[in-house]
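Following the hints, complete the assembly by docking chain Z onto the known chain H.
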Amino acid sequence: MEMTDLGPKMISPAAEPSHEIQILRLYIAGQTPKSIKAFANLKKICEEHLTGRYRIEVIDLIQNPQLAAGDQILAVPTLVRRLPEPVRRIIGDLSHTERVLVGLDVRPAS
Amino acid sequence: MAALAKSATGIDGFDQVTAGGLPTGRPTLICGGAGCGKTLFAISFLVHGAVKFGEPGVFMSFEESSHELAQNVASLGFDLPGLIEKKKIVLDHVKVERSEIEETGDYDLEGLFIRLGFAIDSIGAKRVVLDTIESLFAGLANQSILRAELRRLFRWLKERDVTAIITGERGDGTLTRQGLEEYVSDAVILLDHRVTEQVSTRRLRIVKYRGSAHGTNEYPFLIDEDGIAVLPVTSMGLTHGASSDRISTGIARLDTMLDGQGYFRGSTVLVSGTAGAGKSSVAAHFLDAACRRGERCLAFMFEESPAQVVRNMRSIGIDLQQWVDRGLLEFHASRPALHGLEMHLSQMHRAIDRFRPSVVVLDPVSGLLTVALETDVQSTLTRLVDYLKVRGVTALLTSLTHGRSEQEQTDVAISSIVDTWLLLVTLESSGERNRGLYVLKSRGMGHSNQIREFVLTAHGVELVDVYAGPSGVLTGSARITQEAEERAAALVRAQELDRKERTLEQLRAAFEAEVAALRAKFEAEQADLVIGIDEHRARATRLREDRGDMAQSRSADGASSDNGRKHGKEREADEQRSKER
Chain H
115 MEMTDLGPKM ISPAAEPSHE IQILRLYIAG QTPKSIKAFA NLKKICEEHL
165 TGRYRIEVID LIQNPQLAAG DQILAVPTLV RRLPEPVRRI IGDLSHTERV
215 LVGLDVRPAS
Chain Z
693 MAALAKSATG IDGFDQVTAG GLPTGRPTLI CGGAGCGKTL FAISFLVHGA
743 VKFGEPGVFM SFEESSHELA QNVASLGFDL PGLIEKKKIV LDHVKVERSE
793 IEETGDYDLE GLFIRLGFAI DSIGAKRVVL DTIESLFAGL ANQSILRAEL
843 RRLFRWLKER DVTAIITGER GDGTLTRQGL EEYVSDAVIL LDHRVTEQVS
893 TRRLRIVKYR GSAHGTNEYP FLIDEDGIAV LPVTSMGLTH GASSDRISTG
943 IARLDTMLDG QGYFRGSTVL VSGTAGAGKS SVAAHFLDAA CRRGERCLAF
993 MFEESPAQVV RNMRSIGIDL QQWVDRGLLE FHASRPALHG LEMHLSQMHR
1043 AIDRFRPSVV VLDPVSGLLT VALETDVQST LTRLVDYLKV RGVTALLTSL
1093 THGRSEQEQT DVAISSIVDT WLLLVTLESS GERNRGLYVL KSRGMGHSNQ
1143 IREFVLTAHG VELVDVYAGP SGVLTGSARI TQEAEERAAA LVRAQELDRK
1193 ERTLEQLRAA FEAEVAALRA KFEAEQADLV IGIDEHRARA TRLREDRGDM
1243 AQSRSADGAS SDNGRKHGKE READEQRSKE R
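First to last, the protein sequences are chains H and Z. Anchor point for the first sequence: position 37 equals 151 in the working numbering, and the numbering is continuous, going up by one each time. Anchor point for the second sequence: position 281 equals 973 in the working numbering, and the numbering is continuous, going up by one each time.
If you are wondering where the hints come from, they were derived from the structure by calculation, not from laboratory data. Just so it is clear, CB atoms sit at the ideal spot from N, CA and C, and this is done for glycine as well. Hints may contain errors.
Here are the simulated lysine to aspartate or glutamate pairs, EDC-like style, with alpha carbons at most 16 Å apart [said to hold, decoys possible]:
1. Z:Lys787 - H:Glu171
2. H:Lys151 - Z:Glu795
3. Z:Lys1133 - Z:Asp951
4. Z:Lys850 - Z:Asp878
5. Z:Lys744 - Z:Asp707
6. H:Lys158 - H:Glu171
7. H:Lys151 - Z:Asp798
8. Z:Lys900 - Z:Glu910
9. Z:Lys1133 - Z:Asp947
10. H:Lys151 - Z:Asp800
Not the full set, but computed from the structure, chain H residues with beta-carbon under 7 Å of chain Z [to be verified]:
11. Ala143
12. Pro179
13. Ala182
14. Val190
15. Val194
16. Gly206
17. Ser209
18. His210
19. Val214
Examples of chain Z residues lying across from chain H (beta carbon under 10 Å, computed) [unchecked claim]:
20. Thr796
21. Gly797
22. Asn834
23. Gly1152
24. Val1156
Next up, chain H with everything else stripped away, as it sits in the complex (with noise of 0.2 Å):
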């Protein structure tokens, strides 16, 4: 697990970019299992479908508690996707990957 460091930074894959690019932002409020696995199914669900449209952001509203309210923030773990427009969000593990994939309205990669 390469999760050692969830501040807010980038991670983005070294992938050509494409005028559909995901902005994601997932908060999390510590390590905890949740948070890890949800960070784990995110990843490998942009792996297989998103490959090099993606940028995801972590935030840990533990260190950055003040993030919260500007992103409506209720649930943890919760992936907000900020662009394209418009805004979705969607709370829990991500360990649906049919319901996380309509959730970004992405279709799946045959």
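Structure of chain Z alone, referenced to chain H:
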């Protein structure tokens, strides 16, 4: 064990009812239907905390946006943006939009906790409001997670030692739709807004208050431009003092009827009577007299506008406007149907608190009956009267009675709370209606038992003795006629007496004249007789002397011849006397 600490809400009356406010450091559930005032109650708690008690607060709204909320409470004089600026209050609008949220797997509400915790820490909040957290049930699908998290939230609030209000929409047969009362077990307050006969009344009930004594009644409360107010019912204890000061009724003759001194200060006077019996005039006299003494008066009118009252009273020579101008008299006029009873009561409370009058007039209280049931009016008036008595305010209530036979009964509902009860009756006879007044009761004083005729003149109310004679009680023209007749009869009697006295005088004069004449005659005859007697005596003396001489000269035997001669001499004297006549 120390008593439960409480945090004052600053809401009029509520802190009295709960003996201090909400339990400090614990969550309180406030539930009720839509529009019952939950949010307002909560925001009042928060704003008062921040402004009056130095306790900053966090308002987490799940329904209204911060902007909407600020606007809604601005009408109550709460300056939310200002308080937010001064870091006294944090407003956080939690938006939960089901359509925007996809749920995929396990989650918790730690985000909410962090958010709330951050808000609390940012201003050092002591008070928290969650309004209405049940919205989460609509926004999130996984109910079991939600319930578990709410349970954790309430525990967490206790750990944070904040005094919290959680609002909940009333459910069907339960206090809240989602059964929040299961989680919040410390204090539960139910707000209710019901409409009876088109008049709405708000009520508040403390369903539960762990660790504290509390009133269990339903307390009326109201929301107006001054915010929320629960009506204090704590003055029901009959512990008010009793003044033995007396104040004038403004009608001299009525003072006389009431032991010569008028009402007791701080007592409650009921003036009841049929329409047009002059109740308002009695009230106006009382107001006028109080203002004349420099006392402050408050008059609540339920039928007439102040201008109308001033004009009407001017027609009987009472100028109330001058007292209004000097700020001694204040009118509050409103139609009874304008608000529910509780609203009226509470408005009266507020007006009394602000104006601090020593005399209050309610004209007429029966008007309130049109908006509420008699039992409600009775309890409302009882509260008002107690409230006034505690403050030593003298109250005069007027009451309209209907019909003729049941005048004393219609007011039974409130009779027990009044100290002095004046009844104005109309006496109908010989085609006229006249007014009569009597004192039905007056606690603590010897009062007149007489019916007085009540006459409205251009210089005020006058009380006149009624004519009570063999032909019954007469008033009005009949009384005047009777009085005229009596005056005529008295005149006749006076003349008769005069005549008799003169006759007697004449008789006496005649008698005395006769006595004088008789006396004159008597005196004349007496004089004659005295002269005659003297002559006679003188002659008799001479005769004796003569005879003595003769006997001396004859030396005769005196005795026998003397007798014979005497007879002859007496005969001569008689003949002489009859000749003279």
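Evaluation of the provided hints:
Proposed proximity of Lys787 (chain Z) and Glu171 (chain H) is contradicted: the alpha carbons are some 22 Å apart, above 16 Å. Under the criterion of a C-alpha separation no larger than 16 Å, the hint pairing Lys151 (chain H) with Glu795 (chain Z) is consistent with the structure, at around 15 Å. Note on Lys1133 (chain Z) and Asp951 (chain Z): the hinted pairing holds, with a Cα-Cα distance of about 12 Å set against a maximum of 16 Å. With a C-alpha separation of about 11 Å, the suggested pair Lys850 (chain Z) and Asp878 (chain Z) falls inside the 16 Å cut-off, and the hint holds.
Taking the CA atoms of Lys744 (chain Z) and Asp707 (chain Z), the gap is near 14 Å; set against the 16 Å cutoff, the hint holds. Between the alpha carbons of Lys158 (chain H) and Glu171 (chain H) the distance comes to roughly 15 Å, so the proposed pair stays at or under 16 Å and holds. The hinted pair formed by Lys151 (chain H) and Asp798 (chain Z) meets the criterion: a straight-line CA distance of about 10 Å does not exceed 16 Å. Straight-line distance between C-alpha atoms of Lys900 (chain Z) and Glu910 (chain Z) comes to about 13 Å, which keeps the hinted pair within the 16 Å bound.
Taking the CA atoms of Lys1133 (chain Z) and Asp947 (chain Z), the gap is near 14 Å; set against the 16 Å cutoff, the hint holds. For the proposed pair Lys151 (chain H) and Asp800 (chain Z), the alpha carbon gap of about 13 Å is at most 16 Å, so the pair holds. Contact between Ala143 (chain H) and chain Z, as hinted, is supported at the beta carbon level, the nearest pair being about 4 Å apart and thus within 7 Å. With a cut of 7 Å, the hint placing Pro179 (chain H) at the interface with chain Z holds, because the nearest CB-to-CB distance is about 4 Å.
Because the smallest distance between the Cβ of Ala182 (chain H) and any Cβ of chain Z comes to about 4 Å, under 7 Å, the interface hint for this residue holds. Annotation: interface hint on Val190 (chain H) holds; nearest CB of chain Z at approximately 5 Å, less than 7 Å. With 7 Å as the threshold, the beta carbon of Val194 (chain H) stays out of range of chain Z, its nearest partner Cβ sitting at about 10 Å, so the hint is violated. Interface hint status for Gly206 (chain H): upheld, as the beta-carbon distance to the closest one in chain Z is roughly 4 Å, under 7 Å.
With a least beta-carbon distance of about 4 Å to chain Z, the hint placing Ser209 (chain H) at the interface is held under the 7 Å criterion. For His210 (chain H), the interface hint holds, the least distance from its beta-carbon to any beta-carbon of chain Z being 4 Å, beneath 7 Å. Proximity of Val214 (chain H) to chain Z holds as hinted, the smallest CB-CB distance being about 5 Å (cut-off 7 Å). For Thr796 (chain Z), the interface hint holds, the least distance from its beta-carbon to any beta-carbon of chain H being 4 Å, beneath 10 Å.
Interface restraint check: Gly797 (chain Z) against chain H, minimum CB-CB distance 4 Å, threshold 10 Å, status holds. A hinted interface residue such as Asn834 (chain Z) counts as satisfied when its beta carbon comes closer than 10 Å to some beta carbon of chain H; here the least separation is about 8 Å, so the hint holds. Evaluation of the Gly1152 (chain Z) hint against chain H yields a violated restraint, the C-beta minimum of about 70 Å exceeding 10 Å. Against a cut-off of 10 Å between C-beta atoms, the interface hint on Val1156 (chain Z) is violated, since the closest Cβ of chain H lies about 80 Å away.
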